[in-house]
Amino acid sequence: MNLSDIIFAPVFLPLLGSVLAFLGKAFFKDHGAKLIEYSAVLIGLGLPWIVLFYLLPSMLSGTVIQLVIGNWLGGVGVIYRFDGLAWLVDFLGFSIAGAAWIYTLGAGPKGPGFSAVFLIQTAALAATAMTVDLFNLFVCLEVLGIASYVLIASSEKPGAFLASFSYLMVSATAMVFFLVGLLGLYRLTGSLSYEGIASGLKILPRGGGLTANVSLSLIAAAVAMRVAVMPLYGWLPDAHALAPHAISAVLSGVLIKTPLFALTRILIIIPEGIEIGRLMGYAGAATALVGVIIALAQKDTKRLLAYHSISQIGYIVSAWGAAVAAGLSTPIGLTLMTASFLHAMYHALFKGLLFLTIGTTTDLAGERDVYKLRGAATILYRGGEKFPVTLFCFLVGALAIMAIPPLNGYASKAALSYAFKDSWQASFLFAAGIGTTASFIKLSRIYWPQRKIDQAAPEAGTVPDKVHISIQISQIFLAIMCIASGIFASRISLIVKKLLSTGIIDTNRVPPNLFSIQNLEKTAITVTAGIVLFLIVSTRPGKKILSLIRNRPRNFQGLFLSFSLGMFGLALWMIYKS
Amino acid sequence: MIERILLIILFLIGFYGIIAKKNIIKKIFALSILNSSVVILFILEGSKIGTNAPIMEEGVKNVVDPIPQALMLTAIVIGVCITALALAIAFRLYRYTHTFDIDEIHRKLHDEPF
Numbered sequence: 001m002n003l004s005d006i007i008f009a010p011v012f013l014p015l016l017g018s019v020l021a022f023l024g025k026a027f028f029k030d031h032g033a034k035l036i037e038y039s040a041v042l043i044g045l046g047l048p049w050i051v052l053f054y055l056l057p058s059m060l061s062g063t064v065i066q067l068v069i070g071n072w073l074g075g076v077g078v079i080y081r082f083d084g085l086a087w088l089v090d091f092l093g094f095s096i097a098g099a100a101w102i103y104t105l106g107a108g109p110k111g112p113g114f115s116a117v118f119l120i121q122t123a124a125l126a127a128t129a130m131t132v133d134l135f136n137l138f139v140c141l142e143v144l145g146i147a148s149y150v151l152i153a154s155s156e157k158p159g160a161f162l163a164s165f166s167y168l169m170v171s172a173t174a175m176v177f178f179l180v181g182l183l184g185l186y187r188l189t190g191s192l193s194y195e196g197i198a199s200g201l202k203i204l205p206r207g208g209g210l211t212a213n214v215s216l217s218l219i220a221a222a223v224a225m226r227v228a229v230m231p232l233y234g235w236l237p238d239a240h241a242l243a244p245h246a247i248s249a250v251l252s253g254v255l256i257k258t259p260l261f262a263l264t265r266i267l268i269i270i271p272e273g274i275e276i277g278r279l280m281g282y283a284g285a286a287t288a289l290v291g292v293i294i295a296l297a298q299k300d301t302k303r304l305l306a307y308h309s310i311s312q313i314g315y316i317v318s319a320w321g322a323a324v325a326a327g328l329s330t331p332i333g334l335t336l337m338t339a340s341f342l343h344a345m346y347h348a349l350f351k352g353l354l355f356l357t358i359g360t361t362t363d364l365a366g367e368r369d370v371y372k373l374r375g376a377a378t379i380l381y382r383g384g385e386k387f388p389v390t391l392f393c394f395l396v397g398a399l400a401i402m403a404i405p406p407l408n409g410y411a412s413k414a415a416l417s418y419a420f421k422d423s424w425q426a427s428f429l430f431a432a433g434i435g436t437t438a439s440f441i442k443l444s445r446i447y448w449p450q451r452k453i454d455q456a457a458p459e460a461g462t463v464p465d466k467v468h469i470s471i472q473i474s475q476i477f478l479a480i481m482c483i484a485s486g487i488f489a490s491r492i493s494l495i496v497k498k499l500l501s502t503g504i505i506d507t508n509r510v511p512p513n514l515f516s517i518q519n520l521e522k523t524a525i526t527v528t529a530g531i532v533l534f535l536i537v538s539t540r541p542g543k544k545i546l547s548l549i550r551n552r553p554r555n556f557q558g559l560f561l562s563f564s565l566g567m568f569g570l571a572l573w574m575i576y577k578s
Numbered sequence: 001m002i003e004r005i006l007l008i009i010l011f012l013i014g015f016y017g018i019i020a021k022k023n024i025i026k027k028i029f030a031l032s033i034l035n036s037s038v039v040i041l042f043i044l045e046g047s048k049i050g051t052n053a054p055i056m057e058e059g060v061k062n063v064v065d066p067i068p069q070a071l072m073l074t075a076i077v078i079g080v081c082i083t084a085l086a087l088a089i090a091f092r093l094y095r096y097t098h099t100f101d102i103d104e105i106h107r108k109l110h111d112e113p114f
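Protein chains in written order, with our numbering: chain R, 1 to 578; chain P, 1 to 114.
Source of the hints: derived by calculation from the structure; they are not laboratory data. The reader is advised that the hints may include incorrect statements.
As the list claims (entries may be wrong) - Over the 10 Å line for every Cβ pair with chain P, so calculated as not near, a few chain R residues: (1) 3; (2) 441; (3) 543; (4) 577.
Unchecked claim - Result set (SDA-like, lysine to any residue): computed pairs, CA atoms no more than 20 Å apart in a straight line: (5) 26/P to 558/R; (6) 21/P to 560/R; (7) 157/R to 101/P; (8) 157/R to 88/P; (9) 386/R to 363/R; (10) 22/P to 560/R; (11) 577/R to 207/R; (12) 157/R to 99/P; (13) 372/R to 110/P; (14) 108/P to 557/R; (15) 21/P to 561/R; (16) 372/R to 534/R; (17) 372/R to 543/R; (18) 48/P to 183/R; (19) 372/R to 546/R; (20) 157/R to 95/P; (21) 299/R to 554/R; (22) 110/R to 98/R; (23) 157/R to 87/P.
Each residue gets a CB set at the ideal place from its N, CA and C atoms; glycine is no exception.
Next up, chain R with everything else stripped away, as it sits in the complex (with noise of 0.2 Å):
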């Protein structure tokens, strides 16, 4: 079989799918209809991971697949690219995307509708990591976008609704910048495609001068909106608190990454690139303090895992922003690159794991304050987990998102400090990691036993809902995943590097000892600072400085304001560096 037939797969597979979850909804009932939407799902979830697997050893070799959908001519057609970063992309879409419909199955939101805009929303996933012309990016995030929010307003809550309201919005407008910046490029060049586009600007004098910079800045900080770097975080805590469990997992673990990841494409064949790089990284690095700041701050459980997304996101476009600041072709690019990829496939496995053990905790507690909710162990024993999967589960995930050898978040942490050396980047990360420390004992405290014994109990007669099988099954898959990929993270890294250089470096290099004195002397000083943190605000005044960062306002326009600002101050930037 050619390669060149199959790479479209992992796109038209699930939109296949979600026609199929939609045709059985509308011509079946009851069993017809669940059995096709499980068939589509399979077809959707399933099948694209064979053909992963088939592409895999090509992949390693340094092969890239430009193909142009519809043979048309190159500077019309829509072009396709598939490489060692598709195919990481690909690889973290589909096994979160599995994970999270499983555990839908347990914990709702159910039926063939929602089934089938899940589909979608993976299709255009997987059509992000790929495209190379910048229209069809545009298309893509709207695509993903308009899945999301009909995904987070599912939950049916009024909350939800306003959440996924204030993201269409703001982000909604902010592609309409993306478009202002799609012309001002295409005027410029002639061309859509990222290559046209970067010839286009080599020959013009000045790189293109005020219009290509501003034109860039527009498209850069639309993007940088869907993947909540500080500014443009402010619609993130509340879409990923309110949305279902699954889709959280989704959202934080893949939807906010992939953008990340498609627009390194265009940055580093474009001169101009390196400084939006640049800019981002460093407001990656603030983002990872503050966002860790406001988390530590949270009551609402979900909350404060959200604010953990926004967190750990700093840290891969931190490193993000310094590869592409380096240039992927250079040694020290190329390993902070694969850094941050490794933290974000691992940020996608924990956090995940997270968002599920949390939500199957706070739903049978039906409580999901961190200052009242204590003895969530008995309660889960309660709902009929004799053994305690959750539990078990939610300690793997709170472990490996504070870094604890030897779980994936360690090493992946380890990667990222390796690859910053002695930069202030590196010190930044190292101060964020103290927060989530203490974050994360603050919200294991709800599993802890209860002061006064049975006090919240409910009544004989009020039988809680089981965990359903499905839960712990996608539980446990994350989990061993977590740990798994945390004992063989030294090879992972390398598999990943390897597909990242597309054959350009040498990667055969032995990677750094994860489990150096050195490494597991800073893991134990990240603790112990954690826990003194924490000591600190359980005291009174802790406890009122984390209020009132935790009530600042926050409203509708500032969603807009910081969205503008952030725009704004990238294209100075830009103006600035040229």
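Using the hints provided, position chain P relative to the given structure of chain R.
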């Protein structure tokens, strides 16, 4: 030149409406206006190089740039989807809170425990 100034005014009206109007239905209108202003901008820029409609048949010469028009067809479709979805969400918000005022909605929904 005058067309561009008018378009900038249209764009700013849309942006102002999204931010400053309290009523969420008006916000959605404003988003539509913002979207339309960019669509018209694309068509305007595409039309600078020719005069005839880009129908590729014999005898048709001096056509405008067809790519912006093709792009805008897609963008209009996306815009319609977003407007429809936003209106649906607005309807649900109204059912929960009995108001279209964004601040009021914020206040009502934030009191609610979740």
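Each hint tested on the structure:
1. 3: Check passes; 29 Å lies beyond 10 Å.
2. 441: holds, 24 Å
3. 543: holds, 20 Å
4. 577: The claim holds: residue 577/R sits with its nearest Cβ about 27 Å from chain P, beyond 10 Å.
5. 26/P to 558/R: Distance of about 18 Å is within 20 Å: holds.
6. 21/P to 560/R: At roughly 13 Å apart (the allowed maximum being 20 Å), residue 560/R and residue 21/P satisfy the hint.
7. 157/R to 101/P: holds, 19 Å
8. 157/R to 88/P: Given pair residue 157/R, residue 88/P holds - Cα atoms ~15 Å apart, limit 20 Å.
9. 386/R to 363/R: holds, 18 Å
10. 22/P to 560/R: holds, 14 Å
11. 577/R to 207/R: holds, 13 Å
12. 157/R to 99/P: holds, 17 Å
13. 372/R to 110/P: holds, 18 Å
14. 108/P to 557/R: holds, 17 Å
15. 21/P to 561/R: Since the Cα atoms of residue 21/P and residue 561/R sit roughly 14 Å apart, the hinted pair holds (cutoff 20 Å).
16. 372/R to 534/R: holds, 17 Å
17. 372/R to 543/R: Given pair residue 372/R, residue 543/R holds - Cα atoms ~15 Å apart, limit 20 Å.
18. 48/P to 183/R: Holds: residue 48/P and residue 183/R sit about 14 Å apart, inside 20 Å.
19. 372/R to 546/R: holds, 16 Å
20. 157/R to 95/P: Status holds; Cα separation ~12 Å.
21. 299/R to 554/R: At roughly 16 Å apart (the allowed maximum being 20 Å), residue 554/R and residue 299/R satisfy the hint.
22. 110/R to 98/R: holds, 15 Å
23. 157/R to 87/P: The hint holds at about 17 Å.
Of the numbered hints listed earlier, not one is contradicted by the structure.
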